[in-house]
Amino acid sequence: MAECGASGGGSSGDTLDKSITLPPDEIFRNLENAKRFAIDIGGSLTKLAYYSTVQHKVAKVRSFDHSGKDAEHDHEPPYEISVQEEITARLHFIKFENTYIGGCLDFIKDHLVNTETKVIQATGGGAYKFKDLIEEKLRLKVDKQDVMTCLIKGCNFVLKNIPQEAFIYQKDSDPEFRFQTNHPNIFPYLLVNIGSGVSIVKVETEDRFEWVGGSSIGGGTFWGLGALLTRTKKFDELLHLASKGQHTNVDMLVQDIYGGAHQTLGLSGNLIASSFGKSATTDKEFSKEDMAKSLLHMISNDIGQLACLHAKLHGLDRVYFGGFFIRGHPVTMRTITYSINFFSKGEVQALFLRHEGYLGAIGAFLKGAEQDNPNQYSWGENYAGSSGLMSTAPELGPTRRARSGTFDLLEMDRLERPLVNLPLLLDPSSYVPDTVDLTDDALARKYWLTCFEEALDGVVKRAVASQPDAADATERAEKFRQKYWDKLQTLRHQPFAYGTLTVRSLLDTREHCLNEFNFPDPYSKVKQRENGVALKCFPGVIRSLDALGWEERQLALVKGLLAGNVPSRPLWSRSPWERPWLVDSYSKWLQRLKGPPHKCALIFADNSGVDIILGVFPFVRELLFRGTEVILACNSGPALNDVTHSEALIVAERIAAMDPVVHSALREERLLLVQTGSSSPCLDLSRLDKGLAVLVRERGADLVVIEGMGRAVHTNYHAALCCESLKLAVVKNAWLAERLGGRLFSVIFKYEVPAE
Amino acid sequence: MCIWFYIILSRVNFFFPWFGLDIGGTLVKLVYFEPKDITAEEEEEEVESLKSIRKYLTSHVAYGSTGIRDVHLELKDLTLCGRKGNLHFIRFPTHDMPAFIQMGRDKNFSSLHTVFCATGGGAYKFEQDFLTIGDLQLCKLDELDCLIKGILYIDSVGFNGRSQCYYFENPADSEKCQKLPFDLKNPYPLLLVNIGSGVSILAVYSKDNYKRVTGTSLGGGTFFGLCCLLTGCTTFEEALEMASRGDSTKVDKLVRDIYGGDYERFGLPGWAVASSFGNMMSKEKREAVTKEDLARATLITITNNIGSIARMCALNENINQVVFVGNFLRINTIAMRLLAYALDYWSKGQLKALFSEHEGYFGAVGALLELLKIP
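The listed protein sequences correspond, in order, to chains F and L. Under my numbering, the residues of the first sequence are numbered 1 to 756, in order. Under my numbering, the residues of the second sequence are numbered 1 to 375, in order.
By construction, these hints were calculated from the structure, which means they are not laboratory data. Even glycine gets a Cβ: it sits at the ideal position worked out from N, Cα and C. Each hint should be verified, as a subset may be incorrect.
Cβ pair distances, simulated, as ranges [as the list claims (entries may be wrong)]:
#1 ASP262/L / GLU85/F: 41 to 47 Å
#2 ASP262/L / ASP317/F: 30 to 36 Å
#3 ASP262/L / LYS109/F: 47 to 53 Å
#4 ALA288/L / ASP174/F: 24 to 30 Å
#5 LYS171/F / GLN128/L: 35 to 41 Å
#6 SER244/L / LYS171/F: 38 to 44 Å
Extracted from the complex, chain L is given alone in its bound form:
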């Protein structure tokens, strides 16, 4: 793909700016490499528009009303293609894509002779807009290729000296629960569960050998969408904040609500959810729940379900390490701990749930690596 583009690149030794773009159903993820080793000569030659972009992106943490730079994720002193610099992680809602394209036009991106490497469904959806409005050519890249490339790369460079990958010990115990680094030295085989708006599940056997096992439409979009309908919340952060204060057992019917305790015939513990939202069949109980309870139940329902499907896939594929990524997990410790616990409990300790600091940015990183032809 994009043969002409590679030819240009190889001739001119990778024009700046270096971007990787992942346009998902809900969020756009943008990674930007800020070169820190610019020589005076280069600085002089650097065109105005390029400078302006660099300044704009690195001097702000928020862009417009919805764009956000995740400063805490910034990777410092990275060497990419022989250049030293920092990698920045920026996100904004997909519905602001037209404004982003407009900005590209206003800042005269097209004069930089650059091409955007983009992945995600939006790379297809917005391709024409990039071209006609922004006069920019998109190089469209496969979502899953980028995802895997990105994960492997980011794991290899670490997180500013810390480990990228981690797991939870004692996830069910709020006192003893600990987030601990995990060394992914033997990554294969690996079940990769990417929770964005929807969920994709991949079995990865090596860098180039992977398959999409299945997916589910019950993902982050479902959590947030249902929360909006049920609670009137307007942001993902708000939905999570409500969930953190709610009690899902008021909403869900537990095994003990039906059997008075454990259901021994089938070895089901009393605390397990028998029916998500099952208590809401009753009018009295519907009137007694709070929005926070509903947000919490929605979160628990979606998370448990993802855990359950992931566990079945791991069993069918005979894989025992499962890495959960995607923006659903951003600032979502409740979900991560629940995934960690559910996977461990139902597999009787056979499966390990792993997480990664840069949750949702791997596709964008993968796109950037494609741009730089980094294998």
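Pulled out of the complex, with its shape left as it was, chain F reads as follows:
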């Protein structure tokens, strides 16, 4: 934990020398392209923010030009793959102790190539103190920004862009952090910033906020009064003392006044009637621990009470807490939560933020970036480059942790297109994409972490094999292995490091780590080959499907959708296909098909090859026949062997050449291919490409089809939509199948119709 850095063995004795021994290139990354700096200097921590661009490789697909060729050769792939360099925008945030500031500024100056940058936005109490140092070292003009404005801008930014930013603290559960899905409309909310004093701000819109109150009893009171009472100088040490003390030795409790009678009167005897009420005596010594604890309770209760009074006055139930008093300290999160629960009788929720320490720096950065406003874009947390909550860059490895233990990183990638909710979600504010919360479910967590560890060898091999011509592929793959392995170890110890731990987040983290080491699409060649093979089978499959009677064909189409999900492609006659399936509402679906056609179906595709070509397209074709329009949504970027949007475009074009139904549907825009905005093997319906959402609305989609384990089981299994939906998958994991009450290759066919 950053703020506790000093107690972790580091001392402020050898400040600047120490920073030279840091591995700063792993901390201040991408400095060569950095521009637009912002800095937030607090009482003990500095937070630096900058915008940079990252160049990395991407696999692009392109159709061969077939004109003039009469036929395809058997060994010719269906399209060509080329690796190109792509430049994407990234925001870097680094948090370190103020003692490192000189060394860090030197490092930045030495590596700063971009000379356009003239100004650095600065906020925080220390911005005055270090102004000259910054101007001298970086030769940038310091532009001071208002502290609270920055905090609020930063808060809005993380709440909008990081889906699991806010959490509640529950003292007796394991883990104590419980993440909340962000409400689609984050406003209005109350922000209680507990710095040396307390500021309570009501935030109504992006630009409208109001200081509604405050208190002088805050972190500075705990620190200052605590130092006087206990002769302990450091904030962290005071908290540590408090965590060991008994406040009942110092405080006058209700039971001290009422004796044993509080029980018969229905009073809680443990309530504090008077803080420090027992210390009004000279004939007794009080322990440092007890006094620190009493002080902590006094201050936390007081802040909680005021926050509740303000929340009540303004009719708000979401109260976010921040400031150095809170910053990742379980002790204070616990006492504040207790106080809020007590005073609001559970009506107000105390919420904390995973990136609370960065709010000021983010806000200052945004203030300085108004000409190319980052708020116009959607951003995503890069799990590979970010340290995670309460884990201080542990992916640098335990041997290096000692040196860099006080550095914490956050990196956010700019997404190509803005992300929004799927308009068809029944209740966006209660939608949770993930089926199993691995932070909550220790057994499942253990299983999946081990599962991902065991699969790592295979992923490394696959990555190396995907780049046979690259001399450094093995070396990069090993770096990837180390990074992902370290992430998995972090998550074993701090499952809450990146919000709720889920199979999706484990998969996404792996993709981010692969990208980090320039393995943009390890499956590109596999997908290419499988697509080629499947395309050749397409006409035959269509012929045999068309030969079936209507009812038989519907079942065959559904089986086709499911079959593409099974990598070993079991024969259709094998036992998994025997109904009833594990979840089986097929009869209801068939009944529905006998009725009027759907207006428009939104289909989320899964794998390349057999799945998309022999499963999805025949199904799409049947829907088109029925007069249903189809929106086929595929991933924007690669993930495993999932079909990407650009691959799907080529596949569609090739199918159109063979099939007049698909051909005319494409031409008449009854079949539309769109991208999801995602590069994940799973599916978050609350973060989808805006174009997709617009189209869904325009076309009046009334059926959503989600296929594959990642999208229909790991995520969205319980997703409630306001239209009909089909969720289908074959459970390819024995452990999960068993959990669901079935066997390996059990079939899930979930047809849901929303209640009237």
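Given the coordinates of chain F, assemble chain L onto it according to the supplied hints.
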């Protein structure tokens, strides 16, 4: 409650002595009605122990080393239940309660067939001791009922011809500050802030309709407790005396210490305290402050906080007159003026802080009224 007791009382027309007792966390408040219209016949009949009590209480201003009669609060020529007399106000620390009970035993209170009406948490805590040691039956009464009853009654009888309730004009200006009488003719709705060891805040809508809104543990006990730890003082009076000589701005971090002046973005004046004890984060400043500064800062911190919570409650309850009572305010003009100023400033003149001469005795008075069945 105490049905049997009322039956006895009504039959024998209220035995003397008339006491009301409020046993708080720190202080015991005792009110005693001294009948001045005793006839010769009565005098003759009056048992020795009763006489001795009357003489003892009225001829002394201090009892033992810690008991004190607040002579200046005495209410003269009061008529209670048809009897004329003086009402005396006596206080002593709760930790001397065992000695008080012992005295009751020594003076043979139990022979008077009397019952003590008592309120406050101590009425419960010491009930058994009263019974076993003093052979005295306590009639326990609800704290908040007594408090409100007491306030309304005392306000109605006035203060020996003067007004009971008062407020401060120009509280921030030591030259122009004036304590002025306030006529509480429209008492409802009223926010009642009782600052004892802890703080209770009540919204009072009528004599019988009130609710406890909230409370805070940062009260008089916190002020005195912290002062003891920080300055080594031993009495409340000493703590206040030190505070009167100290400078809290050496201890507290003000808005202007952070922003160089007013924080205009949020409309905060430079003189406002941004962080109580905030300067004490620095070693140099810790070494530079005096005990008097620390006592003053403690007083300011606790008082401002009570004012702030009271203001929020008044807003939430939509009440604009706030009466502050309780023994924290005894001889504590600094706190009262600060409350008056803070309430006026932060509410932009919407809220009025009111005070009452008999600060901490209302619970005890309420208990006495219960004894006499005065509604």
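Would you list, in rising numerical order, the hints stated earlier that this structure does not obey? Structure breaks hints 1, 3, 4.
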